[in-house]
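Visitor: Spelled out from the first residue to the last, the chains are:
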Amino acid sequence: MGIVLETKNLRKEYGSKGMVFAALDGIDLKVYKGEFLGIMGPSGAGKTTLLNVLSTIDRPTSGDICYEGKSILTMKNRELSIFRRNNIGFLFQDFNLLDNMSVQDNIALPLALSNVNVKEIKEKVGKLSEFFGLKDHLKKYPYQLSGGQKQRVAAARALITSPSIVFADEPTGALDSKSSQELLQCLLRMNEELNATIIMVTHDAFAASYSKRILYLKDGKIHARIDKDSSRKEFFKRIIDFIGSVGGGVGELF
Amino acid sequence: MNSFKLTIMNFRRDIKTYGMYLMAMIFSVATYYNFVSMRHNPQFIEAKSISMYVKSSSMVASMLMILFLIFFIMYSSNFFLKQRKRELGIYVFMGIDNYKIAFIFAAEGLLLGIMSLVVGLLLGVLFSKLFLMLLAKAALLNMRINFFISEKAIIETVAVYSVILFITFLKGYLDIIKTSLIDLMNTLKKAEELPKVNYLKGIASLIIIGVAYYIAVNYGKFGFGTAFMLTVILVIIGTYWLFGSFLSMLIRYFIKRKDFLYKGTNIISFSNLAFRIKDNYRTFAAAAVLVTTCITSFGTISSLRYFVNENHKIEVPYTVTYISNKQEEINKVDEIIENSPHKVELREKANFLFIPESRVIVVKLSTFQKVLSDLNVKDREKVISKIGQLGEEAAYIEKPGVWMSMLERKDLKVGDETYKIKDRVKVPLFGGGVPYPCVVVNDEKYETLKLKFEEKQFNGIILDNPENTKDLTFQLAQVLSRESGLYTYFIAGATMYDLVGIVYFLGAFLFLVFVFATGSIIYFKVLSESFRDKGKYEILRKLGTTDLEIQESVSKQVGMFFLLPLIVGIIHSLVAISVLSDLMKYRLTIPTVISIGVFIIVYGIFYVFTRKKYIKVIESQA
Numbered sequence: 001m002g003i004v005l006e007t008k009n010l011r012k013e014y015g016s017k018g019m020v021f022a023a024l025d026g027i028d029l030k031v032y033k034g035e036f037l038g039i040m041g042p043s044g045a046g047k048t049t050l051l052n053v054l055s056t057i058d059r060p061t062s063g064d065i066c067y068e069g070k071s072i073l074t075m076k077n078r079e080l081s082i083f084r085r086n087n088i089g090f091l092f093q094d095f096n097l098l099d100n101m102s103v104q105d106n107i108a109l110p111l112a113l114s115n116v117n118v119k120e121i122k123e124k125v126g127k128l129s130e131f132f133g134l135k136d137h138l139k140k141y142p143y144q145l146s147g148g149q150k151q152r153v154a155a156a157r158a159l160i161t162s163p164s165i166v167f168a169d170e171p172t173g174a175l176d177s178k179s180s181q182e183l184l185q186c187l188l189r190m191n192e193e194l195n196a197t198i199i200m201v202t203h204d205a206f207a208a209s210y211s212k213r214i215l216y217l218k219d220g221k222i223h224a225r226i227d228k229d230s231s232r233k234e235f236f237k238r239i240i241d242f243i244g245s246v247g248g249g250v251g252e253l254f
Numbered sequence: 001m002n003s004f005k006l007t008i009m010n011f012r013r014d015i016k017t018y019g020m021y022l023m024a025m026i027f028s029v030a031t032y033y034n035f036v037s038m039r040h041n042p043q044f045i046e047a048k049s050i051s052m053y054v055k056s057s058s059m060v061a062s063m064l065m066i067l068f069l070i071f072f073i074m075y076s077s078n079f080f081l082k083q084r085k086r087e088l089g090i091y092v093f094m095g096i097d098n099y100k101i102a103f104i105f106a107a108e109g110l111l112l113g114i115m116s117l118v119v120g121l122l123l124g125v126l127f128s129k130l131f132l133m134l135l136a137k138a139a140l141l142n143m144r145i146n147f148f149i150s151e152k153a154i155i156e157t158v159a160v161y162s163v164i165l166f167i168t169f170l171k172g173y174l175d176i177i178k179t180s181l182i183d184l185m186n187t188l189k190k191a192e193e194l195p196k197v198n199y200l201k202g203i204a205s206l207i208i209i210g211v212a213y214y215i216a217v218n219y220g221k222f223g224f225g226t227a228f229m230l231t232v233i234l235v236i237i238g239t240y241w242l243f244g245s246f247l248s249m250l251i252r253y254f255i256k257r258k259d260f261l262y263k264g265t266n267i268i269s270f271s272n273l274a275f276r277i278k279d280n281y282r283t284f285a286a287a288a289v290l291v292t293t294c295i296t297s298f299g300t301i302s303s304l305r306y307f308v309n310e311n312h313k314i315e316v317p318y319t320v321t322y323i324s325n326k327q328e329e330i331n332k333v334d335e336i337i338e339n340s341p342h343k344v345e346l347r348e349k350a351n352f353l354f355i356p357e358s359r360v361i362v363v364k365l366s367t368f369q370k371v372l373s374d375l376n377v378k379d380r381e382k383v384i385s386k387i388g389q390l391g392e393e394a395a396y397i398e399k400p401g402v403w404m405s406m407l408e409r410k411d412l413k414v415g416d417e418t419y420k421i422k423d424r425v426k427v428p429l430f431g432g433g434v435p436y437p438c439v440v441v442n443d444e445k446y447e448t449l450k451l452k453f454e455e456k457q458f459n460g461i462i463l464d465n466p467e468n469t470k471d472l473t474f475q476l477a478q479v480l481s482r483e484s485g486l487y488t489y490f491i492a493g494a495t496m497y498d499l500v501g502i503v504y505f506l507g508a509f510l511f512l513v514f515v516f517a518t519g520s521i522i523y524f525k526v527l528s529e530s531f532r533d534k535g536k537y538e539i540l541r542k543l544g545t546t547d548l549e550i551q552e553s554v555s556k557q558v559g560m561f562f563l564l565p566l567i568v569g570i571i572h573s574l575v576a577i578s579v580l581s582d583l584m585k586y587r588l589t590i591p592t593v594i595s596i597g598v599f600i601i602v603y604g605i606f607y608v609f610t611r612k613k614y615i616k617v618i619e620s621q622a
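As they're listed, the protein sequences go chains A and B. Terminal number for the first sequence in the numbering used here: 254, no gaps in between. Terminal number for the second sequence in the numbering used here: 622, no gaps in between.
So here's chain A without its partners, still in its complex pose (with noise of 0.2 Å):
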């Protein structure tokens, strides 16, 4: 399988002279294509900052960054948005929807500012719609909508433009147990049925469980990896244990 993402050395430092603080320091990463990947750590860890700067929202201090081999950090502010328009696709904790468009043009979006085809873009969004049981609220409004549909929306939309990579911050955190569970599930089914490569940033250990491997980040370090070998129950056991030996920060895990 080939690598999708790959990291060399990413720093990422805040504060001036005198009082920096690393975000990130030093994360060597490698992502192969069809892989879910979740990254844990307690509060402060740098997961976000992680996610912001490998889906090139934010600009890492040092170090390097490649999709399929290829440097983004030599691209400017308008080639990175297209790049990040056309090759990735995002799910929020609170869905990011735009309220004023219906669940048929928010998924459409990125294609439609691509000025993509119309009748590509709607055979696409037909099939994803299907693909995410939105088929029948495809004329509704966001403020129509559950919070589970919301993100199968967002979902969706993430999905439209067949990303090499969908990074996905926190996307159970708006959600009651149901529509998490419901919502993994279909995170799921994208990783097996449509070869998605997934990146989640996430808290639960629950959430997390549904991944295939585990980075657990600590002080801007990955601090260790679990790998998933057995059955999603038996993984979420490892998980929490793992947690429990780290120590620190359980109670905030849940």
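Among the hints, a few may not be true.
[Said to hold, decoys possible] Once the Cα atoms are required to be at most 20 Å apart in a straight line, the calculated SDA-like pairs of lysine to any residue come out as:
| hint | chain 1 | residue 1 | chain 2 | residue 2 |
| --- | --- | --- | --- | --- |
| 1 | B | Lys542 | A | Asn87 |
| 2 | B | Lys534 | A | Asn96 |
| 3 | A | Lys140 | B | Lys536 |
[Stated by the list, open to error] Computed spacing ranges between beta-carbons, pair by pair:
| hint | chain 1 | residue 1 | chain 2 | residue 2 | range |
| --- | --- | --- | --- | --- | --- |
| 4 | B | Arg282 | A | Gly34 | 31 to 39 Å |
| 5 | A | Asn117 | B | Gly535 | 26 to 34 Å |
| 6 | B | Leu170 | A | Arg78 | 47 to 55 Å |
| 7 | A | Arg11 | B | Glu193 | 40 to 48 Å |
| 8 | A | Asn9 | B | Arg12 | 42 to 50 Å |
| 9 | A | Arg78 | B | Ile177 | 45 to 53 Å |
| 10 | B | Tyr253 | A | Asn86 | 24 to 32 Å |
| 11 | B | Ile90 | A | Gly15 | 25 to 33 Å |
| 12 | A | Arg78 | B | Met94 | 37 to 45 Å |
Because the hints were derived from the structure by calculation, they are not lab data. Quantities reported herein were computed from a predicted structural model and do not represent experimental measurements. The C-beta atom is built at its ideal place from N, Cα and C for all residues, glycine as well.
Given chain A, put chain B in place with the hints provided.
Guide: Frame of chain A; chain B shown alone:
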């Protein structure tokens, strides 16, 4: 920190935010002061011939300014309040009671008002000389304007503004006291819903506007007064519904047309517009009505000025005219003119008959043709060929000074005979010195009439420098008898033209004020939109929308705000102007193009500023 300090702190910050409001206020104060000071200016009061006009037009102009101000201040303070309800909510949370908060916010508005009053007055006084000089130029007054500070005008301006400011202060205070905490916290969070479309109203709006246009164009059938009232009311209702419902329909249609919507940034701009129309259509409609009013009024005033100019040509085609056939008198006149610094450019002699009982004069066709070609009248060939050879009929030339003739008689009695009127025209002939309508008959008829009525001789002279004929007029008046009906450029000058000049100038000035007013109303509206849209653009940026695309979508959205009312307003006013020019029998193309041009330029400037500000707001960090 006490509440006064808080007020000052907020005020400092808001000067930047609400710079536009301050500018508009300062401009309006300065203008108001000038409008008022005009009627207190001793130079204008001394100039007896115009002081009446100055007084009345200054009154009207300042009244209009007050009306506008009340509207503008109320509108903008409402806007500020809405903008800051969240902030207010935080103060409430911190345990400051409603009364204190109300005071803080209302006092801030008051402070803004006082500041604009002081600065506006200073600027107003500073520019008053320039203003009056422009006025004098527009009114063709030959006077040097001295710098003058009118205490009365200052007092009046301060008084009027204080009252308005105090009322807004009170209103703001009461508004805040009445609001509850939960309202304050939720104002900006409220989930927006897609407004429902009222198709009936949408279709009706087009019909109503159509009916209004029909009534306006056929004003003859309904009577001018009724047609005017009906049109105004229908157009206003129609415009509100047009923006309230028809525009929603239109946008909804575009949103359904995916092949249009999915083309670049259209999807962003149109979706936004569809959701916001409910909040914005009143602004659209008000702006459209204001645009219509401005362009139409400017057209009216311009046509008035044109008519006065035209009339001037008809009334004063010569520099000096008198009626006399005594060679002795004519020689004396020539002698005086020869000794004056003027040069003679044309001498005209023509005979006519005066018919006392009909109060008309009669000239023969050949004389008429000769005078027309001597005076080099525009379109004279057309007029002459239209009249052609007169047989039994006669041509009728309007009395000098008549603007519009409402009564159209078909025939006319001269002596014992009745003439059928073949054509009526408005051309210069003898000017205001012979203030009667003129009947043109063929040469033979004239000879028969000559037997019954006394023939008189008209003498007209055109000189260079007609403006400086005051001394000449007095000299001539001494040598000529009363019956000679001496009439000169100087005598004609001191009448209507000053008034129209003043009205034109003030009208043009008010026009500018209103153009700015509509511009700033739209500006405020768009600005409040920008605060609400910030989140949306943040999402879009995260999803990989380039800055260029965001700017493009902003351009479209902001452009719509300026363009839609402008287009509707221009269409309305084109209809109004076409009716007006029909009524005045004069093509109003030039003033219409000028006023539309001014609108487009001013709106263009506003657009650039608004767009820039909008982008700044959505790019700033939350």
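Visitor: Each of the hints needs a verdict: does it hold here or not?
Guide: Tested hints:
1. With a C-alpha separation of about 13 Å, the suggested pairing of Lys542(B) with Asn87(A) holds against the 20 Å cut-off.
2. At most 20 Å may separate the alpha-carbon atoms for a hinted pair to count; Lys534(B) and Asn96(A) meet this at roughly 13 Å.
3. Between Lys140(A) and Lys536(B) the alpha-carbon distance is near 18 Å, which keeps this suggested pair within the 20 Å criterion.
4. As the Cβ distance of Arg282(B) to Gly34(A) is approximately 55 Å, the hint placing it in 31 to 39 Å is violated.
5. Hint check: Asn117(A) to Gly535(B), Cβ distance near 30 Å, so the stated range 26 to 34 Å holds.
6. For the pair Leu170(B) and Arg78(A), the supplied restraint of 47 to 55 Å holds, since their beta-carbon distance comes to about 52 Å.
7. Between Arg11(A) and Glu193(B) the Cβ separation comes to about 46 Å, which falls inside the hinted range of 40 to 48 Å.
8. Roughly 47 Å separates the CB atoms of Asn9(A) and Arg12(B), a value that falls within the hinted 42 to 50 Å.
9. In this structure the hint that Arg78(A) and Ile177(B) lie 45 to 53 Å apart at CB holds, the actual value being about 50 Å.
10. A hinted range of 24 to 32 Å holds for the C-beta pair Tyr253(B) and Asn86(A), which are about 30 Å apart.
11. Checking the proposed 25 to 33 Å range against Ile90(B) and Gly15(A) shows it holds: the Cβ atoms sit about 29 Å from each other.
12. Look at Arg78(A) against Met94(B): about 44 Å separates their beta carbons, and that is inside 37 to 45 Å.
Checked against the numbered hints above, the structure violates only hint 4.
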